[in-house]
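A.B. asks: Protein chains in written order, with the numbering used here: chain V, 1 to 239; chain B, 240 to 1089.
Be a bit skeptical, because a hint or two may be false.
[To be verified] Here's a subset of chain B near chain V, in silico, CB distances under 7 Å, partners left out:
(1) Leu-286
(2) Val-549
(3) Gln-551
(4) Gly-698
(5) Tyr-700
(6) Ser-704
(7) Lys-710
(8) Gln-713
(9) Val-986
(10) Leu-990
(11) Leu-995
(12) His-998
(13) Met-1067
(14) Lys-1070
(15) Ala-1071
(16) Leu-1072
It is worth saying that the hints were derived from the structure and are not from the lab.
In this text the structure is predicted, and so the values were computed from the model without any measurement.
Using N, Cα and C, we set each Cβ at its ideal position, and we do this for glycine too.
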Amino acid sequence: MRPALKTPQMMQAGEALTIDFGGERVLLDPAGIAFFANARMLVVSDLHLEKGSSFARRRIFLPPYDTPATLARLAALVAKYEPTLIVSLGDSFHDDEASARISAHTVRAIEALAAGRTMVWVTGNHDPSPPANVPGDSVKSLAAGVITFRHIAEKDHAGCEVSGHYHPAAILRGRGKAVRRSCFASDGARLIMPAFGVYTGGLNVRDRALEGLFDLGAFRAYMQGTDRIYPIGWRDLIG
Amino acid sequence: MSVIDTSRPARADMFALPGPFVDWFSTKGWQPRAHQLELLAKAEAGLSTLLIAPTGAGKTLAGFLPALTDLTRRGRPKPGTIKPGVHTLYISPLKALAVDIERNLGMPVGEMNLPVTIETRTGDTPASKRQRQKLAPPDILLTTPEQVALLLSHKDADRFFADLRYVIFDELHSLVTSKRGQLLALGLARLRMLQPELQTIGLSATVAEPDELRRWLVPQSDGADALSELIIVDGGATPEITILKSDGRIPWSGHSARYALPDVYEAIKAHGTTLIFVNTRSQAELIFQALWTLNEDSLPIALHHGSLDVGQRRRVEAAMGENALRAVVATSTLDLGIDWGDVDLVVHVGSPKGASRLAQRIGRANHRMDEPSRAILVPANRFEVMECQAALNANYLGAQDTPPIEPGALDVLCQHILGMACSAPFEADDLYAEVTGAAPYADLDRQTFDRCVHFVAHGGYALQSYERYAKIKQTKDGTWRIAHPAVAQQYRLNAGTIVAAPELTVRLVRPGAGGKGRGGRVLGKIEEIFLEQLVYGDTFLFAGKVLRFEGIRESEAFASNAPTLEAKVPAYMGGKFPTTTYLSAQVRKMLADPGQWHRLPAQVSEWLGYQKQNSLVPGADEMLVETFPRGERFYMVAYPFEGRLAHQTLCMLLTRRLERAKARPIGFVASDYAVAIWGLKDMGAMIGRGDLSLTDLFAQDMLGDDLEAWLDESFVFKRSFRYCALIAGLIDKRHPGKEKTGRQVTVSTDLIYDVLRTHEPDHILLQATRNDARAGYLDVGRVNALLARIKGRIVHKGLDRISPLAVPVMLEIGKEPVISSETGDALMAEKALATEALVREAMGEDMVGG
Chain V
1 MRPALKTPQM MQAGEALTID FGGERVLLDP AGIAFFANAR MLVVSDLHLE
51 KGSSFARRRI FLPPYDTPAT LARLAALVAK YEPTLIVSLG DSFHDDEASA
101 RISAHTVRAI EALAAGRTMV WVTGNHDPSP PANVPGDSVK SLAAGVITFR
151 HIAEKDHAGC EVSGHYHPAA ILRGRGKAVR RSCFASDGAR LIMPAFGVYT
201 GGLNVRDRAL EGLFDLGAFR AYMQGTDRIY PIGWRDLIG
Chain B
240 MSVIDTSRPA RADMFALPGP FVDWFSTKGW QPRAHQLELL AKAEAGLSTL
290 LIAPTGAGKT LAGFLPALTD LTRRGRPKPG TIKPGVHTLY ISPLKALAVD
340 IERNLGMPVG EMNLPVTIET RTGDTPASKR QRQKLAPPDI LLTTPEQVAL
390 LLSHKDADRF FADLRYVIFD ELHSLVTSKR GQLLALGLAR LRMLQPELQT
440 IGLSATVAEP DELRRWLVPQ SDGADALSEL IIVDGGATPE ITILKSDGRI
490 PWSGHSARYA LPDVYEAIKA HGTTLIFVNT RSQAELIFQA LWTLNEDSLP
540 IALHHGSLDV GQRRRVEAAM GENALRAVVA TSTLDLGIDW GDVDLVVHVG
590 SPKGASRLAQ RIGRANHRMD EPSRAILVPA NRFEVMECQA ALNANYLGAQ
640 DTPPIEPGAL DVLCQHILGM ACSAPFEADD LYAEVTGAAP YADLDRQTFD
690 RCVHFVAHGG YALQSYERYA KIKQTKDGTW RIAHPAVAQQ YRLNAGTIVA
740 APELTVRLVR PGAGGKGRGG RVLGKIEEIF LEQLVYGDTF LFAGKVLRFE
790 GIRESEAFAS NAPTLEAKVP AYMGGKFPTT TYLSAQVRKM LADPGQWHRL
840 PAQVSEWLGY QKQNSLVPGA DEMLVETFPR GERFYMVAYP FEGRLAHQTL
890 CMLLTRRLER AKARPIGFVA SDYAVAIWGL KDMGAMIGRG DLSLTDLFAQ
940 DMLGDDLEAW LDESFVFKRS FRYCALIAGL IDKRHPGKEK TGRQVTVSTD
990 LIYDVLRTHE PDHILLQATR NDARAGYLDV GRVNALLARI KGRIVHKGLD
1040 RISPLAVPVM LEIGKEPVIS SETGDALMAE KALATEALVR EAMGEDMVGG
């Protein structure tokens, strides 16, 4: 997994790009969340909370500020969109015990996020069990109309699907340099969310792990710019 | 200190040597040299000594003579007695050098039948042999700085080193300027703690400040300036250095020196073995390729640089040792003192960029010090002609410009603290006293030391949430000890200060294999940052071949033989040294004195004459700033002559100031000599009207807030942070059971950096990073010296067109990557528009946007 740049500016308000997905109006925010306007649903994926303390268990001491930093970024977006429903699409916690390790301060921060709205935790490969200590429901997947929400994309899925897991990133070349950014990856039927946690890296969308998931003719990498989303076609991306 | 005339043998002192040595010298018909006996006498008197001597002066034998005589007196251990520990430690910066010494030293030891065992221990030594060495140590152990750190981290280090008498540091001048040298200095402090009586012997090429090395060799305490003894051996015969005289046209800029290669080829033909030194790997590839197109006689000419596959390098080295090659094109990997057979000519392509560097490279030719070395300098462009002339003058004067020794880095200290805890529990007071005995850490304050201990323990964060996972813990008796044996294992896998940029192995596959290639011969390694910018079908020069890029899979890149001879030149990073302060000052003087120009080639003196006529020639202590319009843009070209790194930093800062002055700068480029900044407003007119003051623009306070603000954002800083994080042990280089390549580091240091900078900007690792970036990549010291030097001495010349002196730097525009703080949004926006246009074209205008 490779680093994908998350500049501090991305924490500020940026201009979302509106796309049509499964008949829904979806706002892709350059900070890395998708907002389903009709349902007032905010979708975020791969928060990887407590990744710092997870590494600390192996005596690798990353700065212990990742969980509050990630939640603060999310809180800013919740304030911006005022959703009635928040869906965290899996790998919300970096390991299965992480939700039990969180500080009282973090519990309060999550409670504040969930207050007055529905909070749904989709389980992921990093956090297969329902989280402890935090408000909200835990589900394996979620269906809303023609759209299914789950952590890992299923190759044979027929309808529309929103997932996370792969931490998609895209690389462009030009002007004598390469630009690498996290992105939303979609072909109109499938949408893979970028990873949101401050310690999450990115996997090139052209990696073989994602082979066969997209109709490449209709594919767009919605790259996260400083304050905008830039949709890029498959042929401009490098491997 | 003693300065010794080596032409005088020292027969009178022969009795100082044990019998077998006297016999051996006379059998060989040799006599020990004066400095060899002098060093022996000082060692016998219990003194540590620095020996500065040119190549070929018998430096190595001098260094080992005290150990060999002492061991001979000691005799073989009696059967049944416990074998003593290591008697002498020899430390060299290169594995190959240790192996080479084993061979060279083995010869006299064997011939004299001395009771001395000699073994090497490097990263290549098999585990079984290393294990045996710990149980039955050799008398003389030849090793590298990393192995010393590892040996010291073991529990039985005290027993292993209990009998240590001498520590010999070879190529000390090269060791001390790096973090490796700093770690080694800390290791030496520990060796001294284990064996207070030990003596050091430093072997060095000529340096600018010998006292720095003398300090390094002996313990420092309480501000007293302790120095080792010093022996300087005068250089042998004066080298014959010439600057290549070519009928070819000397280019304005560039580094290929293509114009001179027919002359270089003739020189190769006229000599037995020629070493061709270049400054960068890409230059090495280019010149090697170009020489082969000229090589009608099919002379055996080889290529050698640090990126090539090890096997390939070893084959070249072996062929060199057998005198089977006529020429080798090499980068600095061949700088150090390995015996390379009979080289009778050194060709230096491009300016050596420093007087000492030239001297050290010329030393490669002709190991017999009483015969003069021959060298030809080949300037690649017109400014380099002046630089080569300055380097040549400096060589006759014996001027030296080796860099000063930097204070010890904190990331290195953190690594050492953990290593010491792995060896034995320590009291903070004791370890602090020990490390401040090492010269690079003599000024370390206690508070900073304690912060390093806390960093090692649990990250040293203000928010102390990791204490229960600590690597080292303070126990009730006050000592710090490792929390778990796994910590020691983790330390050993990460020890050392050599952190390479992430690299990919390059394999040769059949054409068309794309990223699905498999197997294929390994050609070497190239920085990932370069390979990532290639797309399928791009051609580049590497390993002496024109290759076509096929693709990347995991940590390997695949390339095939290209069907063309034209290649996009690898721009991957490869040690571009900036011109030293000394050499830059000489070039400024040369430029300022038209009386000296007749010594330069006619093409160059004419060029300078035109500059005098069309613009002006600045005085040696002045800085010229020219402004002129060109195309749609307005240019400002300044000539600070402070080297590329300092110029890049200067440009970044100037651009910020010009933005504030509303000059609307849009780009810049920096060479070793000049900087060019261009913008949309007429900066010359602004200066004329008084809207822009050059005094304010170049005021020293730019190193204050502007620097801090830019520093934190710069990619340079993030790169430094990654190195510090790996050396300090924040993240693992490798983890037990998992070989990680740069591509697989689980958390990117860029992400860690962003979080740390936001939440704890004063963290010890950010402090270490700032120190590194200022001294290294940014050359802030030189920018500061420049701004002080030119205060009140800036001369402005407003021109209506480009001046002759500006041509070289203007030609760099477009060739050198323009470094900018641009986020990449512009590129994404451009491609997004292209995507949209394509869709419109394919689907019809009215279909889009619905």
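A.B. asks: Hint numbers the structure violates, sorted upward?
C.D. replies: 1, 2, 3, 8, 16
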